[in-house]
Structures are given as structure tokens and as C-alpha cells.
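Letter by letter, the chains look like this.
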Amino acid sequence: MATYKYYHAHEVNQEACHGRMKCLRACPTDAIRVKDGKAHFISELCVDCGECITACPHGAFVPLADTLEGTPRKGKLRVAIPSPVLYSQFPSEVSPRRILRGLLQIGFDHVFDVAKACDWATLATRSYLKEHTGRWPIISSFCPAVVRLIQVKYPELTENVLPLQVPREMTAREAKRKLARENGISESEVEAVYITSCPAKVVSIRQPAEGTKSALDTAIAISEIYPALREAVSEPDSKIKDELFDDITYGPGWSSLGAITGLLETKRWIAVSGMSDVTKLLDDIENSKLRNVEFIEAAACLGGCIGGSLAVENVYVARSRTIRLAQKFGHNIARHEHRAERLYRSGFFSIESPIAPRALSPLDPDIARAIAKVKERDEIYASLPKIDCGACGSPTCMAFAEDVVKGYAELSACVVGAARAAH
Amino acid sequence: MTGERDIVLKEQFSVTGRDFGRAGSVSTTIKSMLKQIGFPPDVVRRVAIATYEAEMNVVVYADRATVTFEVTPAAITVTLEDQGRGIADIEQAMREGYSTATDEIREMGFGAGMGLPNIKKNSDDLEVTSEVGVGTIVRIKVLAPQ
Ligand SMILES: Nc1ncnc2c1ncn2[C@@H]1O[C@H](COP(=O)(O)OP(=O)(O)OP(=O)(O)O)[C@@H](O)[C@H]1O
Ligand code: SF4
Ligand code: SF4
Ligand SMILES: [Mg+2]
Numbered sequence: 041m042a043t044y045k046y047y048h049a050h051e052v053n054q055e056a057c058h059g060r061m062k063c064l065r066a067c068p069t070d071a072i073r074v075k076d077g078k079a080h081f082i083s084e085l086c087v088d089c090g091e092c093i094t095a096c097p098h099g100a101f102v103p104l105a106d107t108l109e110g111t112p113r114k115g116k117l118r119v120a121i122p123s124p125v126l127y128s129q130f131p132s133e134v135s136p137r138r139i140l141r142g143l144l145q146i147g148f149d150h151v152f153d154v155a156k157a158c159d160w161a162t163l164a165t166r167s168y169l170k171e172h173t174g175r176w177p178i179i180s181s182f183c184p185a186v187v188r189l190i191q192v193k194y195p196e197l198t199e200n201v202l203p204l205q206v207p208r209e210m211t212a213r214e215a216k217r218k219l220a221r222e223n224g225i226s227e228s229e230v231e232a233v234y235i236t237s238c239p240a241k242v243v244s245i246r247q248p249a250e251g252t253k254s255a256l257d258t259a260i261a262i263s264e265i266y267p268a269l270r271e272a273v274s275e276p277d278s279k280i281k282d283e284l285f286d287d288i289t290y291g292p293g294w295s296s297l298g299a300i301t302g303l304l305e306t307k308r309w310i311a312v313s314g315m316s317d318v319t320k321l322l323d324d325i326e327n328s329k330l331r332n333v334e335f336i337e338a339a340a341c342l343g344g345c346i347g348g349s350l351a352v353e354n355v356y357v358a359r360s361r362t363i364r365l366a367q368k369f370g371h372n373i374a375r376h377e378h379r380a381e382r383l384y385r386s387g388f389f390s391i392e393s394p395i396a397p398r399a400l401s402p403l404d405p406d407i408a409r410a411i412a413k414v415k416e417r418d419e420i421y422a423s424l425p426k427i428d429c430g431a432c433g434s435p436t437c438m439a440f441a442e443d444v445v446k447g448y449a450e451l452s453a454c455v456v457g458a459a460r461a462a463h
Numbered sequence: 098m099t100g101e102r103d104i105v106l107k108e109q110f111s112v113t114g115r116d117f118g119r120a121g122s123v124s125t126t127i128k129s130m131l132k133q134i135g136f137p138p139d140v141v142r143r144v145a146i147a148t149y150e151a152e153m154n155v156v157v158y159a160d161r162a163t164v165t166f167e168v169t170p171a172a173i174t175v176t177l178e179d180q181g182r183g184i185a186d187i188e189q190a191m192r193e194g195y196s197t198a199t200d201e202i203r204e205m206g207f208g209a210g211m212g213l214p215n216i217k218k219n220s221d222d223l224e225v226t227s228e229v230g231v232g233t234i235v236r237i238k239v240l241a242p243q
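If you read the protein sequences in the order shown, they are chains A and B. For the first sequence, the numbering used here assigns the number 463 to the last residue and increments by one with no breaks. For the second sequence, the numbering used here assigns the number 243 to the last residue and increments by one with no breaks.
Don't read these hints as lab results, they were simulated from the structure. Where a beta carbon is used, it is the ideal one built from N, C-alpha and C, also for glycine. Hints should not be assumed to be uniformly reliable.
Result set (DSBU-like, lysine-lysine): computed pairs, CA atoms no more than 35 Å apart in a straight line [as the list claims (entries may be wrong)]:
1. A/K307 <-> B/K217
2. B/K217 <-> A/K329
3. A/K170 <-> B/K217
4. B/K107 <-> B/K238
5. B/K107 <-> A/K170
6. A/K446 <-> A/K415
7. A/K170 <-> A/K116
8. B/K238 <-> A/K62
9. A/K170 <-> B/K218
10. B/K238 <-> A/K446
11. A/K320 <-> B/K132
12. B/K217 <-> A/K320
13. A/K75 <-> A/K329
14. A/K415 <-> B/K132
15. A/K426 <-> A/K320
Reference excerpt, derived from the structure (chain B facing chain A, CB under 10 Å, subset only) [to be verified]:
16. L106
17. S124
18. T169
19. I202
20. G206
The whole structure should be built from the sequences, with the hints applied where relevant.
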């Protein structure tokens, strides 16, 4: 198996790879190369967006979420923290309460809903925007793939990323504190398991962008527990009322695009999803085109986290259910306002260290030589057909020219150029 | 001293007046080249902002321009030489808030009169020369800390 500079939530199954090159075009950071008919990705360029997983018709990009059975318990108590996406994966008659109860039935000792933390985070974001005096717009931080995309491709924009804790981390911290206290055990004896549609979160738990430790211990794909959970929730259950699931609000949702922004008391927001549109928008911000926008909600997956590659339900069905759930349960922002404001003042929501750009290897560590290599690359590029056919194994003619300069590829690998030269 | 001989990289681009679709593409290209060379983010950012503002001024106020991009390890120079109406009073144009933008342009989010002042702020050296009815030359220089 290949060793990577950074931790990743997927690997390439070389046997399954037919060299179809679909991934080559799908990757937003041009991280993929096909060599000798097999796909590889360059670790430092990979932002864990999962586009390659979705694009490959042979399933050669394999997501590496943990499995419930395969992960030994890490403590005395195992607590489930489901992403709100989970609720949208079931028909409307299966209530969030029923689903939380189902998680207990399939083996978790406790469940914690993130709804309250979502309300808090919305309020904290609101306070932050009111006081912010630096550079606009502020970009949401809940999507690890977007945060990494910014670290890799838009280093100057790391300053624009909202420097507040995300709901899942807050919930995990609260769950650990509470369960440790109630059971007279240490926090490390409580294992927090995130149940997610998102391959990028698997990575962010093991290697947070802020470089600090995640309060979550394990990430399990919704698709992995779905069959068992589906069965559990189909049984009638009288115990639901006994369990304390009183804080289900669902309001801001955070799982469906545009949900938080509506509550932020600013009219100048944009919600964007899908890597290619996110990239276009970040280009505009970088070119200071969106001077009047205050907040950008950005999600790598089309439609937001309900479109994550580890979900099971069709994203449009899930979206419609999300809207209905939000109508039914509403949000509880007003109820938390007072406490959230106090917590905000106390620094409870602040992240420990700021998001820094990811240091990419330059063409050459020496600036003068790097300039010479850019020149050489541009000369090579000028000689190429510029049709981005991908037959050489690099995603674009420009990436190929760069690979040649870096010594990763031979100029002769350009079959179109070679055929043309032969005429 | 950075002499002509030290220029290791020199490229030229063109900008077309009123072409809002491609507006900003030259500064984007320049920015990504500087990033790849490995200049510090702050240097890249300053060049990108200054170039973007100057490029937009060509799109809004001039007919066409040639952009010359020169790089040495010590400095980055971007020169925009346009053909167009020119600027009668450069000192006035450099003032914060001064703008001759039409309502149509203002609706697109420009015309705050902040472009030239922003270029000045982000560059280590700026030269603006102009001849009314002929065109304007804007030369932006940003030094790279060694
Ligand atoms: N290349 C140019 N050709 C002709 N006139 C120019 C050119 N560049 C600037 N000007 C004139 O100088 C004025 C000030 O330019 P500046 O870039 O500072 O502000 P602006 O373009 O009007 O507004 P903003 O840049 O904030 O959108 C312009 O309104 C225009 O009259
Ligand atoms: S996860 Fe995204 S960035 Fe990483 S290789 Fe796949 S498509 Fe590229
Ligand atoms: S949109 Fe959501 S599911 Fe998709 S990568 Fe981002 S955080 Fe993960
Ligand atoms: Mg201007």
C-alpha cells in the first residue's frame, strides 16, 4: 500500500482500477495521475472531497471509514453522535426520536443529538459576524473538504475561514464531559462515534485542519450502519418515551445547503455546493470580486452533507425530507440565545489554533531555480496540443508540463504530440 | 540592483476593454504562477490585488492593454500599457473615492474610487503615466523579501 504524506479517508484498489480516467477529470485539485494504467493521487493535493469515489465506475477509490464491528471499543462507554443527515435517510414516519432509540438498539450505550450545538453554533456565528472588522467574506468551516481546499489552493483565504468550533465537536466534548461526570469515569473512557455521510470528516477526526485533537474518536459511515438501523427502527418500540430525547430541534439543520445562513441576520450571504462551484466562488473571493458579501456557506458535496458519498438516500429525496423535518421541529434559537452569548464571550466556541495554509512543495526550493522551472514548464506547455485529453495520465496539459519539469513524467508520454510530430 | 539580465521569467498577456467575462483572468494566472514559484503568500496576495485592480481599470476605462509580467527572485513587476482615453489628472485619479464610473458600472460593484489607491497600498513602487486620448501605462513593482 502506498504511504501518504497526509492521512486520507480513501485508497485506490489497484486491482479494481481499469485506468478509465474518470477520476482524473473529477478531481478539483488535479491530484490524480494515471501511470501504467493505474490511478494514484498526490497526497499533498488531495483535499478528501470524495469526488473520485463518486466518479469511478469500478469503485476503485475505496472510502476508509471505520466499521462498527471492525473497531474495538475504545473505552467503557460508546456514545453515538449522529449527523443530522441521518434523519433524512428514513421515511417521514420514522421520527428522529425513533432513530436515536434505534442507535441504542444496535449497540450504542448513549446517543447525543447535535441539534443544540447547531443552534449554538448559529448564534456564535451571528455574534462573530456582528463584531468582525477584518476581511470579508467569512467562509463557513463545517466542511473539512472546503477547509482543506482553501488550505491547499487558496492559502490567503485561510484568514477568512470562520474560527469557531463546529457543532459535531462541541457535541462530542459535551457528551464526554457529561457522561464522565455521571458515571464517575474519565473522559478518555468515553468513546465518541460520529455517524456521518462524509468521507472528509473521517479524515478531519484523525487529522484536524487546526492541528489540534478532535473530541470525536471514530467515524462510521451512515451506509455502514444503515441496514441494522433500518431493521431496528422498523420494530414498534415502547421504550422511546422512557429515553430522554427532549432536545430535538432540527432547525438550522446544518446538513442541507442554505439552512444556517437564513438565521444569521445578514442578507449578504451566498450558499454554494459542489466542488466545481465552490472553486469558482473561491476564485472570485480571491480576486476580491465579492466585496459586499459577509458570509459564504460552502459545502463540497452537491446539496450539502445530505449529498455526501457515505449517505444512502438520493440527495433530492433527503432534501425534501430535511425541509419537512425542519418545518415540523423548527429551531430553538431563541431559547439558547442567552446562554450561547455568555459562552461566546467566555471563548467556549473559539478554536484552539487558527487554520493555516498547507505547505505545498514548490517546483524548486530555490526561488531562482523555481522561476526557471516555471519558464521551462510554460515552454513545454506551449508545445503541447492543449486539449487536456488525459491520455498521458495527467489531468491537464498544464499539469503534464509540470509533471515533466518535476521529473514525474516523460515528454514522450504525450501521445497526441508524438502522433503530430510523426506527420 | 536588478538589471535586465536578471529577469528570468517574462510573459505577456492581453486584456480587452469591456470584456467582463474574462476580466480578472490575467491576475489569476499571474497569481497562480507566483504561488507555484513559491513566493510568500503575502507577496502573492499583494501582486494579485494590485494587478486585479489595474486589470479592471483597463476593462472599465480603456480599449485594450498589453500586460508584461516580469519576475526575478528579488522583485515582481507588472506593467499594463493600454490604449484608450487616458487620464487627464493622475493626482486626482489617485485620490481615494475619486471615480468617473457610470451608473451601469457602479451597479456591477465598481466605482468606489478605491482601485488606484489600493494598487498604491499594495505595491512597493508604482508609476502611472498617461496621455489623454492615447492611453495609460501603469507599472507595479512588488519586492520579495530575501
Ligand atoms: N486605465 C485607465 N484609463 C482611463 N482612466 C482610468 C484608468 N484607470 C483609472 N482611470 C480613471 O481613474 C479613476 C479612478 O480609478 P480607480 O481605480 O481608483 O477607481 P474606480 O475604478 O473608479 O473605482 P474602483 O476601482 O473602486 O472600482 C477612474 O474612475 C477613471 O476615471
Ligand atoms: S478525494 Fe477529491 S481531492 Fe482527493 S483525489 Fe479524490 S477527487 Fe482528488
Ligand atoms: S459537504 Fe458535508 S458531506 Fe460533503 S465533504 Fe463537506 S462536510 Fe463532508
Ligand atoms: Mg478601478
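Hints, one by one, checked against the model:
Restraint check for A/K307 and B/K217: satisfied, since their Cα atoms lie roughly 32 Å apart, inside the 35 Å limit. Restraint check for B/K217 and A/K329: the C-alpha separation of about 19 Å stays at or below 35 Å, so the hint holds. A distance of roughly 30 Å separates the Cα atoms of A/K170 and B/K217; the hinted pair therefore holds under the 35 Å criterion. Of the supplied pair hints, the one linking B/K107 and B/K238 holds, its CA atoms being roughly 14 Å apart against a limit of 35 Å.
For the hint pairing B/K107 with A/K170, the CA-to-CA distance comes to about 45 Å; that exceeds 35 Å, so the pair is violated. For the given pair, A/K446 sits about 13 Å from A/K415 by alpha-carbon distance, which is consistent with the 35 Å threshold. Distance hint between A/K170 and A/K116 is unfulfilled; the C-alpha atoms sit about 42 Å from each other, more than 35 Å. For the hint pairing B/K238 with A/K62, the CA-to-CA distance comes to about 43 Å; that exceeds 35 Å, so the pair is violated.
This hinted pair checks out: A/K170 and B/K218 have alpha carbons roughly 27 Å apart, not beyond 35 Å. Among the hinted pairs, B/K238 with A/K446 is consistent with the structure: their alpha-carbon atoms are about 29 Å apart, no more than 35 Å. Distance check on the hinted pair: A/K320 and B/K132 sit about 18 Å apart at the alpha-carbon level, within 35 Å; holds. For the hint pairing B/K217 with A/K320, the CA-to-CA distance comes to about 28 Å; that is within 35 Å, so the pair holds.
With a C-alpha separation of about 39 Å, the suggested pairing of A/K75 with A/K329 is violated against the 35 Å cut-off. Distance check on the hinted pair: A/K415 and B/K132 sit about 14 Å apart at the alpha-carbon level, within 35 Å; holds. Only pairs whose Cα atoms come within 35 Å are accepted, and A/K426 paired with A/K320 is accepted, the gap being roughly 21 Å. For B/L106, the suggested interface contact is upheld, since its CB lies about 5 Å from the closest CB of chain A, less than 10 Å.
Interface restraint check: B/S124 against chain A, minimum CB-CB distance 6 Å, threshold 10 Å, status holds. With 10 Å as the threshold, the beta carbon of B/T169 comes within range of chain A, its nearest partner Cβ sitting at about 8 Å, so the hint holds. For B/I202, the interface hint is violated, the least distance from its beta-carbon to any beta-carbon of chain A being 14 Å, above 10 Å. A hinted interface residue such as B/G206 counts as satisfied when its beta carbon comes closer than 10 Å to some beta carbon of chain A; here the least separation is about 6 Å, so the hint holds.
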